[in-house]
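Number of protein chains: 2
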Amino acid sequence: MQYTHNFNPTISDEDIFSEIVREKEDIGYYNLPFQDTAPLKEYAKSVKQSNIVVIGIGGSTLGTYAIYKYLKHSRKLDKKLIFLETTDPIDIQSKIQSIDLQDTLFIVISKSGTTVETVSIFKYINSLVVCDKTNTVIVTENDSKLNRYAQINGMQVFEIPKNVGGRFSVFSAVGLLPLAIVGIDIDELLKGAKKLHDAFFIKKDDVQERLLKKARFLVEYKNSFNINVVFSYSSRLEGFNKWYIQLWGESLGKIDINNTRQGLTPIGIIGPIDQHSFLQLIIEGRRDKTVTVIKVENFDNDLKIPAITLEGLEELDYLNDLEFSSLIKSQADATIEAIQNLNDIPCDVITIDGVCESAIASLMYEYELLTSLCGKFMYINTYDQPGVESGKIILKKKLQS
Amino acid sequence: MQYTHNFNPTISDEDIFSEIVREKEDIGYYNLPFQDTAPLKEYAKSVKQSNIVVIGIGGSTLGTYAIYKYLKHSRKLDKKLIFLETTDPIDIQSKIQSIDLQDTLFIVISKSGTTVETVSIFKYINSLVVCDKTNTVIVTENDSKLNRYAQINGMQVFEIPKNVGGRFSVFSAVGLLPLAIVGIDIDELLKGAKKLHDAFFIKKDDVQERLLKKARFLVEYKNSFNINVVFSYSSRLEGFNKWYIQLWGESLGKIDINNTRQGLTPIGIIGPIDQHSFLQLIIEGRRDKTVTVIKVENFDNDLKIPAITLEGLEELDYLNDLEFSSLIKSQADATIEAIQNLNDIPCDVITIDGVCESAIASLMYEYELLTSLCGKFMYINTYDQPGVESGKIILKKKLQS
Numbered sequence: 001m002q003y004t005h006n007f008n009p010t011i012s013d014e015d016i017f018s019e020i021v022r023e024k025e026d027i028g029y030y031n032l033p034f035q036d037t038a039p040l041k042e043y044a045k046s047v048k049q050s051n052i053v054v055i056g057i058g059g060s061t062l063g064t065y066a067i068y069k070y071l072k073h074s075r076k077l078d079k080k081l082i083f084l085e086t087t088d089p090i091d092i093q094s095k096i097q098s099i100d101l102q103d104t105l106f107i108v109i110s111k112s113g114t115t116v117e118t119v120s121i122f123k124y125i126n127s128l129v130v131c132d133k134t135n136t137v138i139v140t141e142n143d144s145k146l147n148r149y150a151q152i153n154g155m156q157v158f159e160i161p162k163n164v165g166g167r168f169s170v171f172s173a174v175g176l177l178p179l180a181i182v183g184i185d186i187d188e189l190l191k192g193a194k195k196l197h198d199a200f201f202i203k204k205d206d207v208q209e210r211l212l213k214k215a216r217f218l219v220e221y222k223n224s225f226n227i228n229v230v231f232s233y234s235s236r237l238e239g240f241n242k243w244y245i246q247l248w249g250e251s252l253g254k255i256d257i258n259n260t261r262q263g264l265t266p267i268g269i270i271g272p273i274d275q276h277s278f279l280q281l282i283i284e285g286r287r288d289k290t291v292t293v294i295k296v297e298n299f300d301n302d303l304k305i306p307a308i309t310l311e312g313l314e315e316l317d318y319l320n321d322l323e324f325s326s327l328i329k330s331q332a333d334a335t336i337e338a339i340q341n342l343n344d345i346p347c348d349v350i351t352i353d354g355v356c357e358s359a360i361a362s363l364m365y366e367y368e369l370l371t372s373l374c375g376k377f378m379y380i381n382t383y384d385q386p387g388v389e390s391g392k393i394i395l396k397k398k399l400q401s
Numbered sequence: 001m002q003y004t005h006n007f008n009p010t011i012s013d014e015d016i017f018s019e020i021v022r023e024k025e026d027i028g029y030y031n032l033p034f035q036d037t038a039p040l041k042e043y044a045k046s047v048k049q050s051n052i053v054v055i056g057i058g059g060s061t062l063g064t065y066a067i068y069k070y071l072k073h074s075r076k077l078d079k080k081l082i083f084l085e086t087t088d089p090i091d092i093q094s095k096i097q098s099i100d101l102q103d104t105l106f107i108v109i110s111k112s113g114t115t116v117e118t119v120s121i122f123k124y125i126n127s128l129v130v131c132d133k134t135n136t137v138i139v140t141e142n143d144s145k146l147n148r149y150a151q152i153n154g155m156q157v158f159e160i161p162k163n164v165g166g167r168f169s170v171f172s173a174v175g176l177l178p179l180a181i182v183g184i185d186i187d188e189l190l191k192g193a194k195k196l197h198d199a200f201f202i203k204k205d206d207v208q209e210r211l212l213k214k215a216r217f218l219v220e221y222k223n224s225f226n227i228n229v230v231f232s233y234s235s236r237l238e239g240f241n242k243w244y245i246q247l248w249g250e251s252l253g254k255i256d257i258n259n260t261r262q263g264l265t266p267i268g269i270i271g272p273i274d275q276h277s278f279l280q281l282i283i284e285g286r287r288d289k290t291v292t293v294i295k296v297e298n299f300d301n302d303l304k305i306p307a308i309t310l311e312g313l314e315e316l317d318y319l320n321d322l323e324f325s326s327l328i329k330s331q332a333d334a335t336i337e338a339i340q341n342l343n344d345i346p347c348d349v350i351t352i353d354g355v356c357e358s359a360i361a362s363l364m365y366e367y368e369l370l371t372s373l374c375g376k377f378m379y380i381n382t383y384d385q386p387g388v389e390s391g392k393i394i395l396k397k398k399l400q401s
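If you read the sequences in order, they're chains A and B.
So the first sequence is numbered by this note's numbering: it starts at 1 and just counts up by one.
So the second sequence is numbered by this note's numbering: it starts at 1 and just counts up by one.
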């Protein structure tokens, strides 16, 4: 007998882990926690401007925004961070009108160096203010055309390593440079990422086992549960949700080596707001969703519901003297209990320590690892995005004609 | 022979339409375009404060935010609108710190009158500033406990009709009161809603046929395409996307009369930002999504990419002299073409006229009609939300113990 072709069955946990260890040689994001941050901190210290405008889109802004949004009200930041990331003219105009351009540093971020949105907006900025090495810094690949532009104009460049994809670049200069400038502790960020790195690769606290199990479940049950809901109980995690959606959607929406379409659909919602919106669909709708609830253990905030009785509303006096941080945590617990009582919605809970650099970084690094693991189980290339090229070609043709 | 039980097959377009016409007698939102706005406008004119704070959650804020976000940069509004809608203490604190509470009108909105989040926040506000009839107005049902509180304190009340559900209440006082106060033309809003009402019920411009066809398609193919993506090409539509997600998810995620779980999962994304995020999943991922692209025909904005050459980036000079509004429209068209070329992703396009009251109102009324139609095809009660009650009971027990 002779055989041609093979099926590719789901591989074992050990094989997946070995493949990730092998992949770590080529894929850059894994090792970003170990970089030298001195040049970034030195540049950050030298910045005099009060407004920091990041011009970028997608992977060039989402991770930075996630961390900034999570921390900005819990840190005394003396600079304002603004993102110019869309071609919507009303959006561009309203953001620019809100700042003094003479007191602004522009950080132009594009991995390829020729992102249409980024270059369009940067050109527009050039018509409003002289952009030179005193107010413009570039983050790009070392051989991009944007890098050439920077060299010609003597502008400082921070490099995005070739093997770090945009959506995995938050712990490169892409995220660290703007965050360091506004006053976020980037060493604490990397410490948080490293904590997860070590726990996964050096096998601590069952992190490796837990993530392997979770990835295997999500992929093996992908036909039953094609939607993954992240239900974050803090408005501060809104940026994280958006970042997760890009990471998950763009990494896992692929055609696999067996030529079948893969993909898990990410949804990010915010509690308690979306208890009044999306929760009904989770509870009574079709069983096509897994749910991951993210709770914040310590809000480091003692805002309280005062012991005031509103005449007519006495029945709500049981809320009196309750801290808002306790209330939101109880709301999360009630939602978790309601979902788990149903017994047919896969649900896990991640509790992050607090509103600090290391907590959000650990969470983000964990999601990067989880994405890589799911990609391996799916036999896809987690790190490319061939599906968006066709639209770019059509756009270019439209505009050039 | 004898038979018991019947199957309930999908019903005809004519029957659905008759049922909607019958439902219009009981369900209040259909007729909101015909209300008298004089009392709302009169109250709005009397408001002296510069800051308008809406305290509410879910259906009490999402529609208002959708319209405000869409129009605020295109109208000269002299008052600022702020939403307090979550129990996240850091969110509450940072928003309150940004305004002068002595120069603020509080609009407390709760249909039931006993929404935990709303009453908690309002209690907290009471500890910061005296709330009385000079700075507080109530929007609620006529027999709620919040209404009693308002009567006791001599505060003005605007009523939410019993037969208007929270998520269908944007064209009641819930949305119209705050919008009128900040300077949005609420008569133009109702005109836009009425335009869709008339086109649907009086059969103009094929609106009835188109919506019936769309609803039938979405429901009949719900097992293949359980996810509905709204891809809005304007950052101004971010609020609309959130409102749509609540409307769709909470209305359609139900158990039907045959005791089977129904539900279509709404996703809202923003172009061109999410071309760099979610588009890859749409293009190469599993075929489990329908896509509705929303384009804005007229941005009424001539912001232009200047004819500047950046040395090194000459290849992007084809963008020179292009208006941003043309660029974003071309980006939408390129995405539509890329999706339609694939031939296996159901995709339709809605082009709204401009950044004006009537355009956004027509769009929202259309989505309300579409939701009602899908609910009819699914044999569910579109207007209740029994699935979220269990969590509320668990929360109350937790807090009272």
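If you are wondering where the hints come from, they were derived from the structure by calculation, not from laboratory data.
A quick note: this is a predicted structure, and the numbers were derived from the prediction, not measured.
Heads up, some of the hints might be wrong.
Quick list of simulated restraints, FRET-style, between CB atoms [stated by the list, open to error]:
#1 Asn341(A) - Glu23(B): 47 to 55 angstroms
#2 Ser12(A) - Glu220(B): 37 to 45 angstroms
#3 Asp317(B) - Asn259(A): 36 to 44 angstroms
#4 Lys76(A) - Glu314(B): 40 to 48 angstroms
#5 Met1(A) - Leu342(B): 35 to 43 angstroms
#6 Phe34(B) - Ser94(A): 31 to 39 angstroms
#7 Tyr221(B) - Ser224(A): 13 to 21 angstroms
#8 Leu101(B) - Lys191(A): 53 to 61 angstroms
#9 Arg210(B) - Lys191(A): 50 to 58 angstroms
#10 Lys203(A) - Glu23(B): 57 to 65 angstroms
#11 Asn341(A) - Tyr221(B): 25 to 33 angstroms
Where is the CB? At the ideal position from N, CA and C, for every residue including glycine.
Checked hints:
Roughly 33 angstroms separates the CB atoms of Asn341(A) and Glu23(B), a value that falls outside the hinted 47 to 55 angstroms. Checked against the hint of 37 to 45 angstroms, the C-beta distance between Ser12(A) and Glu220(B) comes to roughly 41 angstroms, which is consistent with it. For Asp317(B) and Asn259(A), the Cβ-Cβ distance of about 40 angstroms falls inside the hinted range of 36 to 44 angstroms, so the restraint holds. For the pair Lys76(A) and Glu314(B), the beta carbons lie near 44 angstroms from each other, so the given range of 40 to 48 angstroms is met.
Distance hint check for Met1(A) and Leu342(B): the Cβ-Cβ separation is about 40 angstroms, which falls inside the suggested range of 35 to 43 angstroms. Evaluation of the 31 to 39 angstroms hint for Phe34(B) and Ser94(A) yields a pass: the beta carbon distance comes to about 34 angstroms. For Tyr221(B) paired with Ser224(A), a C-beta distance near 18 angstroms keeps the hint of 13 to 21 angstroms intact. Distance hint check: the CB atoms of Leu101(B) and Lys191(A) are about 39 angstroms apart, inconsistent with the given range 53 to 61 angstroms.
At about 56 angstroms, the CB distance of Arg210(B) to Lys191(A) agrees with the hint of 50 to 58 angstroms. Between Lys203(A) and Glu23(B) the beta carbons are some 60 angstroms apart, a value that agrees with the proposed interval 57 to 65 angstroms. The given range of 25 to 33 angstroms is respected by Asn341(A) and Tyr221(B), whose C-beta atoms sit roughly 32 angstroms from each other.
Violation of the numbered hints given earlier is confined to hints 1, 8; the remaining hints are satisfied by the structure.
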